[in-house]
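A.B. asks: This is what each chain is made of:
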Amino acid sequence: MKKYMLGIIAFVLAISFSAFTTHQKARPGKTFTNYYEFDGSSNSGLYQTGDWVSLGTDLPSGCGGANVVCIVSASESTLGAFQSSISSAHPTSETELDNIDGVSIFSRKNP
Amino acid sequence: MNRNKIYFINLVAALFILLFTYTAFSKFLDFRNFQYTLGKSPLVGRYHTMIAWALPVGELITSVLLFMPRTKLAGLHVSLLLMSVFTLYIAYMLAFAPHLPCSCGGVIRWMNWKQHLVFNLFFTGLAGAGIYIHKNDSERQPNFLLQ
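Chains as they are written, first to last, in the numbering used here: chain B, 1 to 111; chain R, 112 to 258.
Don't read these hints as lab results, they were simulated from the structure. Using N, Cα and C, we set each Cβ at its ideal position, and we do this for glycine too. Any given hint could turn out to be false.
[Stated by the list, open to error] Lysine-lysine pairs mimicking DSS-like chemistry, simulated, CA-CA at most 30 angstroms apart: (1) B:3 - R:116; (2) R:116 - B:2; (3) B:3 - R:246.
[Claimed, not checked] With beta-carbon atoms standing in for the labels, derived distance ranges: (4) B:57 - R:116: 21 to 31 angstroms; (5) R:122 - B:39: 45 to 55 angstroms; (6) R:246 - B:56: 32 to 42 angstroms; (7) R:192 - B:56: 18 to 28 angstroms; (8) B:40 - R:122: 40 to 50 angstroms; (9) B:89 - R:157: 26 to 36 angstroms; (10) B:5 - R:206: 34 to 44 angstroms; (11) R:246 - B:41: 48 to 58 angstroms; (12) B:19 - R:182: 21 to 31 angstroms; (13) B:40 - R:182: 24 to 34 angstroms; (14) B:57 - R:239: 43 to 53 angstroms; (15) R:199 - B:45: 30 to 40 angstroms; (16) B:41 - R:164: 39 to 49 angstroms; (17) B:57 - R:115: 51 to 61 angstroms.
Chain R on its own, in the form it takes in the complex (with noise of 0.2 angstroms):
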């Protein structure tokens, strides 16, 4: 029971780096065309240029967090938080501006507003089940991850 645990989890954190690290180099690859995208939003448009930088370095940082066995954890929680932030954004511009184009990297950027919702909130309950599944086993043996 408790190696399928541990293969879950260390699945779900590769799929976070997964695409963590892919939309980060994505949008360093197509920098100029990221940054004018989110310059165009009605919510975050006045803060583009400090956005644009700390998002890619945030998810880089994340997927190293869920890469290092130690900060697992840690990298599970900033990825719920990360990705419920993405999805109250994905929620705001489906409400009040749904003509504008998705400020996402690579290949994400040409779901529509409703493809991308579903996926994110697909990926935040994946992120909230690895949380969930870890803390519970490790009360019961502390760096169950470590082994």
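The following block holds chain B by itself, in its conformation from the complex (with noise of 0.2 angstroms):
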């Protein structure tokens, strides 16, 4: 039995430790393909609508610069609708940016 004392310390953390890892909201599925870039230098202006821009339904090609919010993908098909989105829920930190309903970080600059 003590030969397997740690193996089951070890099995007991994991589930555990996964149990309260907090998780990212999933992805709706295929309706899941707009992506909208965000030019502006900080994470703070997010809430700008103007900063944001439509990259259409291609998967990006990436971005660089500063470490800020770069790509978001949504499920809104315009950038009116997204930006409308942005306009109400006002984020100002990654973190409430991911928080809108339909909408996720796609990649960051600086990963």
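Dock chain to chain to rebuild the complex, using the hints, since each chain is given by itself in its own frame.
C.D. replies: Structure below.
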């Protein structure tokens, strides 16, 4: 029994840790294909609708620069609808942005 | 000396059990997210559904191998193989697609690619050290882990 003790402790700890880890909300399936890029310089300005640009439905190639949110994927199919969500939620941080229904952070600059 | 070696191997095995079980359960608990992120990978995106299932299942099987004294060495070999594959994947992502998020499970997803590479290299080394010590001692004293 003694030789199993470390393994049992490891299993119990792993299951406990995973149960208490908060997960990002799940991405909906095939409707989740619109990408929007944030052109602002700081996450505190994520609510500024004019700094968001539509990238369409193709997989974005990437981004570089400061350590801010770069691209999000969202269920809204038009930039106007997406900007309206941003405007009403008024996000000023990555967490607030990610908490908006149908919006998920896809990539960050300098990950 | 032997007692310390047995303790070291059991500790390495326990660390891998903790790592693999934690990440496997985290992947299952957040499965749609994990599958989605994996699908964006330029390297494995085409096979993301199959890999999304195979990876956590493989990690749990490896944990069971590491748990049983008779299969501990096999578990360490599989761990070394898995960690080497993960490390190569991270090196590829770091070189060719650093803007993409990690499809890892649990809190490990919040590491950046460079931190993740160091983390994986550490665990790869740990698996290698465990195999080396296990082989060295089991040649002199077969089944020494079963005592």
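A.B. asks: With reference to the structure, classify each hint as holding or not holding.
C.D. replies: Against the structure, the hints:
Using a Cα cut-off of 30 angstroms, the hinted pair residue 3 of chain B and residue 116 of chain R holds, with the two alpha carbons roughly 13 angstroms apart. Restraint check for residue 116 of chain R and residue 2 of chain B: the C-alpha separation of about 16 angstroms stays at or below 30 angstroms, so the hint holds. The straight-line distance between the Cα atoms of residue 3 of chain B and residue 246 of chain R is roughly 19 angstroms, inside the 30 angstroms bound, and the hint therefore holds. One distance hint, 21 to 31 angstroms for the beta-carbon pair residue 57 of chain B and residue 116 of chain R, is violated here, with the actual separation near 56 angstroms.
A hinted range of 45 to 55 angstroms holds for the C-beta pair residue 122 of chain R and residue 39 of chain B, which are about 49 angstroms apart. A beta carbon spacing of about 55 angstroms between residue 246 of chain R and residue 56 of chain B contradicts the range 32 to 42 angstroms that was offered as a hint. A beta carbon spacing of about 40 angstroms between residue 192 of chain R and residue 56 of chain B contradicts the range 18 to 28 angstroms that was offered as a hint. Against the hinted window of 40 to 50 angstroms, the Cβ-Cβ separation of residue 40 of chain B and residue 122 of chain R comes to about 47 angstroms, which satisfies the hint.
Checked against the hint of 26 to 36 angstroms, the C-beta distance between residue 89 of chain B and residue 157 of chain R comes to roughly 35 angstroms, which is consistent with it. The given range of 34 to 44 angstroms is respected by residue 5 of chain B and residue 206 of chain R, whose C-beta atoms sit roughly 42 angstroms from each other. Our hint of 48 to 58 angstroms for residue 246 of chain R and residue 41 of chain B holds, since their Cβ atoms are close to 55 angstroms apart. Range check, residue 19 of chain B to residue 182 of chain R: Cβ separation about 27 angstroms, and the 21 to 31 angstroms hint holds.
Separation of residue 40 of chain B from residue 182 of chain R is about 53 angstroms and departs from the stated range, judged on CB atoms against 24 to 34 angstroms. At roughly 44 angstroms, the beta-carbon separation of residue 57 of chain B and residue 239 of chain R lies within the given 43 to 53 angstroms, and the hint holds. Taken as a hint, the range 30 to 40 angstroms holds for the pair residue 199 of chain R and residue 45 of chain B, whose Cβ atoms sit roughly 38 angstroms apart. In this structure, residue 41 of chain B and residue 164 of chain R meet the distance hint of 39 to 49 angstroms, their C-beta atoms being roughly 41 angstroms apart.
Judged by the Cβ atoms, the range 51 to 61 angstroms given for residue 57 of chain B and residue 115 of chain R holds: they are separated by roughly 58 angstroms.
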